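S.K.: Sequence:
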Amino acid sequence: MMRLPCRDGSEATGDRQSVYRTSRSRALGHNAPMTMSATDGSPMRRLAVIGGGQMGGAILARAITAGLYSASDVVVSDADPGIRDRLHASLGVRAIFDAPAAIDGATCILLAVKPQILTALGRDLRGKLLPGQVILSIAAGIELATLQEALGHSAIVRAMPNTPAQVGQGVTAWCATPDVGEASRAEIRDLLAAVGTELEVDAERYLDMVTAVSGSGPAWAMVIIEAMTDAGVQLGLRRDWSYELVLQTLAGSVALARATGRHPADLRNMVTTPGGTTAAGLAAMERSGLRAALSDGIVAAYKRSVELGAAARK
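Numbering follows our numbering, with no gaps: position 7 of the sequence shown is 7.
The set of hints was computed from the structure by calculation and includes no laboratory data. Mixed in with the good hints, there may be bad ones.
Straight-line alpha carbon distances no greater than 25 Å define the calculated SDA-like cross-link-like pairs of lysine to any residue that follow [what the hints assert, rightly or not]:
1) Lys314 <-> Met209
2) Lys128 <-> Asp104
3) Lys114 <-> Ala150
4) Lys128 <-> Ser154
Label-pair distances were calculated between CB atoms; the ranges are [as the list claims (entries may be wrong)]:
5) Ala284 <-> Leu247: 40 to 50 Å
6) Arg126 <-> Met228: 47 to 57 Å
7) Ser90 <-> Ala310: 37 to 47 Å
8) Pro115 <-> Arg239: 34 to 44 Å
9) Glu182 <-> Ala284: 45 to 55 Å
10) Ala227 <-> Ser154: 38 to 48 Å
11) Lys114 <-> Gln234: 47 to 57 Å
12) Gly276 <-> Ala219: 23 to 33 Å
13) Gly297 <-> Asp124: 32 to 42 Å
14) Gly297 <-> Leu237: 21 to 31 Å
15) Val233 <-> Arg291: 19 to 29 Å
Values in this document were obtained by computation on a predicted structure and should not be read as measured data. We put the beta carbon where it would ideally sit given N, CA and C, even for glycine.
Starting from the given sequences, assemble the full structure and let the hints guide the process.
M.R.: Quick look at the structure:
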């Protein structure tokens with residue numbers, strides 16, 4: 001394995017054949033974090049979650065369910081008392097308002113907050129972060145250098161998850177600065193693998209592309225699901241029938257692509273009989289610009305992610 005530099009000088013691990021690597025699950029305890037168990041000397045990880053909303057709460061819940069952390073090893077900070085009460089009741093974690101208090105003793109600090117409040121949060125946390133603590137930010141468009149400047153801390157991971165993480169079927173791409181040690185990297189991999197697939201890219205610039213393809217990707221998929229379902233209803237199907245047909249068709253198609261490893265065009269041709277119904281439908285979709293619309297949307301999302309990063313640097 002070799003080290004590949006991120007744009008800002010950070011490193012990721014990869015091989016010469018690939019710009020990334022993925023995992024869904026990894027064995028725990030193979031790298032020792034900074035806190036040790038008082039009973040048997042085994043590695044102890046502690047998690048602080050700043051922002052317990054939709055994505056932060058989902059990652060936290062999956063991490064506890066996977067056994068990565070016990071509830072007593074997690075502290076959540078959120079300004080919303082309703083969120084604090086919900087997470088305490090459902091997961092048994094300590095949930096407080098004060099972010100600086102939440103990070104005390106944490107090995108990993110998950111920042112699951114809106115990009116626009118990172119500056120204020122940085123003022124609260126600056127000077128309170130310790131060597132050995134790693135920051136995991138999922139704030140869209142906020143670059144590693146911006147995070148380092150705002151927080152006054154060098155060990156930072158920037159990640160882009162997506163909403164299927166809520167059911168353990170997400171994909172999260174990430175990139176780390178050089179000061180993120182191996183124990184912290186192992187903790188990040190395990191945490192992100194708890195919500196699906198984790199993918200370490202070899203340059204930070206890829207994360208804006210990832211944002212457009214997979215970060216926003218569930219929205220593209222839902223539009224396709226809606227459109228196919230509505231078309232079935234227009235033809236005369238009951239909506240619940242049409243919806244189930246669409247969901248299983250898409251899920252089965254993904255499973256088929258994974259199982260066979262064949263190019264999508266080959267699999268498409270399997271159901272495209274010359275002069276048949278599928279050929280007629282595909283021709284109509286091409287005339288309507290389906291591919292171009294999807295491509296244009298993804299490119300627009302990428303450009304917006306780049307814009308957000310540039311604005312955050314100012």
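S.K.: Look at each hint and say if it fits the structure.
M.R.: Taking the hints in turn, this is what the structure says about them:
Our distance criterion of 25 Å between C-alpha atoms is met by Lys314 and Met209, whose separation comes to about 21 Å. Distance check on the hinted pair: Lys128 and Asp104 sit about 8 Å apart at the alpha-carbon level, within 25 Å; holds. Between the alpha carbons of Lys114 and Ala150 the distance comes to roughly 14 Å, so the proposed pair stays at or under 25 Å and holds. Pair hint Lys128 plus Ser154 holds up; C-alpha atoms about 13 Å apart against a cutoff of 25 Å.
A hinted range of 40 to 50 Å for the beta carbons of Ala284 and Leu247 is inconsistent with their spacing of about 23 Å. The given range of 47 to 57 Å is respected by Arg126 and Met228, whose C-beta atoms sit roughly 49 Å from each other. A beta carbon spacing of about 38 Å between Ser90 and Ala310 agrees with the range 37 to 47 Å that was offered as a hint. Distance hint for Pro115 and Arg239: a CB-CB separation of about 37 Å, consistent with the stated range 34 to 44 Å.
A hinted range of 45 to 55 Å holds for the C-beta pair Glu182 and Ala284, which are about 54 Å apart. Distance hint check: the CB atoms of Ala227 and Ser154 are about 46 Å apart, consistent with the given range 38 to 48 Å. In this structure the hint that Lys114 and Gln234 lie 47 to 57 Å apart at CB is violated, the actual value being about 38 Å. Taken as a hint, the range 23 to 33 Å holds for the pair Gly276 and Ala219, whose Cβ atoms sit roughly 32 Å apart.
With their beta carbons about 37 Å apart, Gly297 and Asp124 fall inside the hinted range of 32 to 42 Å. About 27 Å separates the C-beta atoms of Gly297 and Leu237, a value consistent with the hinted range of 21 to 31 Å. About 24 Å separates the C-beta atoms of Val233 and Arg291, a value consistent with the hinted range of 19 to 29 Å.
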